[in-house]
Amino acid sequence: MSDRRASATAPPAQAPRGRNVLAVAAAVALVAAVLVAALAPWLPLPDPDTVDTPNRLRPPLSPGHALGTDEFGRDLLARLVWGARVSLLAGVATAAAAMVVGVMLGVIGGFYTGWIETIVMRLTDILMAFPYILLAIAIVGGLGPGLRNAMIAIAIVGFPIYSRLVRGVVLSLREHEFVEAARALGAGDAIILGRHILPHLLSPVIVAFSLDVGVKILATAGLSFLGLGTQPPTADWGSMLATGRQFVVLSPHVALLPGLAIFVVVLALNLLGDAVRDFLDPRVG
Amino acid sequence: MRRYLAGRLLLLVPVLVGVSIVIFLVLHLSPGDPAEIMLGSQATREDLARLRADMGLTEPLPVQYVHWLHHVLRGDLGRSLWMKRPVLPEVLGRLRATLLLTGTALVLSTVGGVALGVASARWPRSLLDRLSAVAALFGASMPSFWLGIVLMVIFALRLGWLPASGMFAPYGGGGPLDLALHLALPALTLAAASVTIIARLTRSTMLETLGQDYVRTARAKGVGEGGVVLRHGLKNALIPIVTVVGVQAGYLLGLAFALINLGVDLLYAWLDPRIRYE
Amino acid sequence: MEDEETMRTTTLAVLTMIVTLGAAALAAAQPAGTLLVGLVAEPVNLDPAQVTDLNSNRVGRRVVETLVTFPDESTQIVPGLAESWTVSRDGRRYTFKLRRGVAFHDGSPFNAEAVKFSIERQINPEHPFNKLGKYPFANFFFGNVKAVEVVDDATVEFVLKEPRASFLAVLTAGAASIVSPTAVKKLGVDYPSQPVGTGPFKFVSWERGQRVVLEKNPTYWRSPVKVERVVYRPIVEDQARLTELLTGGLDLIVGTPPDSVPQLASNPKVTLLKQVGAHVWYLGINNQKKPLDDRRVRQALNYAVNKEAIVRDVLKGTGSLSRGPVLPGTWGAETGLKPYPYDPERAKKLLAEAGYPNGFATTMWVPESGSGMQSPVAMATVIQSNLKAVGVNVALQTFEWGAYLAKLRTKEQELFALSWMAGNEDPDMVMFPLLHSSQWTPDGPNRALYKNGAFDELLHQARLTTDQARRAQLYREAQRILMDDPPWIFIDHEIQTAAHARRVQGFKLHPSFDLRVETISLK
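In order, the protein sequence lines correspond to chains W, U and S.
Sequential numbering from 155 applies to the first sequence in my numbering.
Sequential numbering from 23 applies to the second sequence in my numbering.
Sequential numbering from 19 applies to the third sequence in my numbering.
Treat each hint with caution, since some may be false.
[Stated by the list, open to error] Here are the computed lysine to aspartate or glutamate pairs in the EDC-like style, where the Cα-Cα straight-line distance is at most 16 Å:
#1 K406/S with D343/W
#2 K406/S with D206/W
#3 K406/S with E271/W
#4 K356/S with E144/S
[Stated by the list, open to error] Listed next, the stretches of chain W that the computed footprint assigns to chain S, with coverage defined by at least 3 CB atoms under 8 Å from CB atoms of chain S:
#5 197-205
#6 235-249
Bear in mind the hints are in silico, worked out from the structure with no lab data behind them.
The model shown is predicted, which means the values in this text are computed figures rather than measured ones.
Every residue, glycine too, gets a C-beta built ideally from N, C-alpha and C.
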């Protein structure tokens, strides 16, 4: 039986130690971000919503404002910390929900032929035929505005990407020798899916997921702009980045800092995803 | 295969009907009232009521839908609300620019992304690989509207090399050169985000296939490294890449999606002959 | 980042080559006599009777003209297509002597028939061309018009249902423009995309999303037009419009974002112009809802908001403080009034007197953008913060413009941001619709649901007399009432900004927000 685990000793070489260090660093960064977000009310920070227009657009390292101020003179550090609460939740939860639903539908659409595939994949086609944000707006329009509904909408709109991605891989795997061999040995669908198909999906799905978190944070901001997500003065990274673009020339830090925050989270998720994949599937470098 | 194709094309009909129903619901559920926008803040309630009646917005939604479908089936997409001009030519007029820009961006991102991904997979954990990983994540956390402004400030405002907006020079332009100049910044901006995604996907899928038995066999049989990477690695890695490029193309082109997805599925079969459609 | 860098470097190498080759093409982009104007958006329609947005009007009004108009620097009414006029003693008949020898761009003559046609197509549902468009001002401006009568070829008479002293000001509006009946009949539904009038410029072409081209009317009756051609380019992104101006792709831009004003003011390549406009931005208060129905509470809110900070820091000087709906400098403006000073202590005291020593909670609705709304969300954010400082906790809710206007008809609003610029040149045209109790939403624009008997009576009296001095006296008294019993939090009047390249000569911004490029000559 040509199971993939049989080739565990194949080159390329095992993940080096540096890799683990990176993964640990990523985990620490993520835990730190979550902790900071959770503890925001107890941290010694200025109020994130207090407007102080004479002190607007101060650069980082200004007295009293370690990271400077935004266009209303609000403390950027405080806004980043409070914004983490909204953005981490919005980004990770929506991407995860979209991923779970999308992967399930993709596996079903790829593994089973016939009417199930037809229905699942044509539904995906319909959903994907729309500009992302338009569909999200309509869903929020139906559910009513608010962060929670905005997140639901973004998760719904986001799943077809995963199902398309997964289905393509499953279509190809379905016909591989090891699947046929397993089936010949009497393995049921559940075992074939769990043991032979899902592990192969990890790497593309993890790449897509970690990149998707950033996209979702920005999508939430897009809905907030239309009054359908968070409302001012609530800080969230996506909205901070979006409004900061007006000051790109004169005060780039206003947009760069939230961009950097999103970047760090996405990077950490990606590194962690790589580590998880290595752990589950030692063969891939 | 031919039967599959025919079946899929036939299935386009329910897909399109589904799409059109969703569009109707979207428009109905979206916040925003066309009558309010068109008449402005001084409008009276009667003004609004009259306009809504004129536009047929007072009828129940299913009735509106049937009316619309009836027109569409006769090739009439209706007239725009503001100008009362036929919609179809208006859409086609803008389609050329859209196709040109998104097509260029798609080519740039696919070629660039695959090349980078292949290089990263060929030399994993090299400097190039690491840097491309960081760039990919950076691209994913930086919205294109932001990158667009930054590129514009650098290349149009500071350096003065490229125009900041428009499709042709405002007066007297019009040649292919003029077009290329105007295309450069927006196409690069649009391409930047997808380049990174395609590069990362190419890399991870290629690494996976390069580790498989048949690739080792090929290596053992003395197939050159370049041949292994391209023939075996890349061709297999193309499945997720084709999906993602299809997804990107779909976003760029919206409604043509169902057709693009069909094309993607056909490409799957070509890339991996084991995939069969019945 | 190396990979993107590499790619960009390669691309750049190729581009540099193209640029070198294409330098000639770029340099040729500034032909003599062609004025390039940047718009904030694509016009929706070029028939001023069919649109409510400034952006479309700024282009459309180059092609068509009105019977009466404003000179280039003020909003005093002067003759336009009408040479002179008389008003009947009872204020119900306005008779206009039309300018002779004026022709539309299509060669057909301008006459009394054309005036009748232009107005009646909007107000008469039976008119054969009524269904070709929607006329948003038909009721608001012309609802009081009973008939338009042709006396002879060069004389036309408007008969009103009730006397309305502000009627001349109505006739300066874009909606009162005179269109070529021949062209409307010939073009039908296509007329709004290729308008024909008597104005300084003729319509040439409109490529969607790219440009609208007008060329000079060589036989313009008023004065020779000095530029050959105007090309309007819609560029939505602020920074792109700015960049185009600084790199020669545009000669003139309007609606510069406040934060770019300092950048432009210090740039030697461009000239920055400012002009206070006939506009008012206010934070409406629902005068019927508790606790906002208490005059002391509304006064307190006015004291609590730091308008100076909004104008200075958020608007970067592109607004002047407001002391009421009427723009200072307009005839009939009460000059003795001062804007409410920023005085949070006084606000707290008034709130305590009204029975709210610890403040209260309320909601504020704000559109994310909208015609004349300046920077609504930013301004509302500052107001919210100011109110919080005196104990008034405001929950902000933003809306898309169309949804916002619909929401305001529900009467559920508490605080809401809005602006007005339809006809501020006559105090009646801003105070009556916005604050007279007969104009309550959802039927009229009084969305603050303001009702003050003495104020209502003054406005009513002022409509009945055509004696401008008497009217001014009544309006001044009305404004004193508004200061004491404020319907809104008064914020600002917009100061319009425009920036143009050095080669543009003789341009002035107009207080009515019109963009009169016909005054320009190019160096």
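Original post:
Which of the listed hints are not met by the structure?
Top reply: 1, 3, 4 and 6
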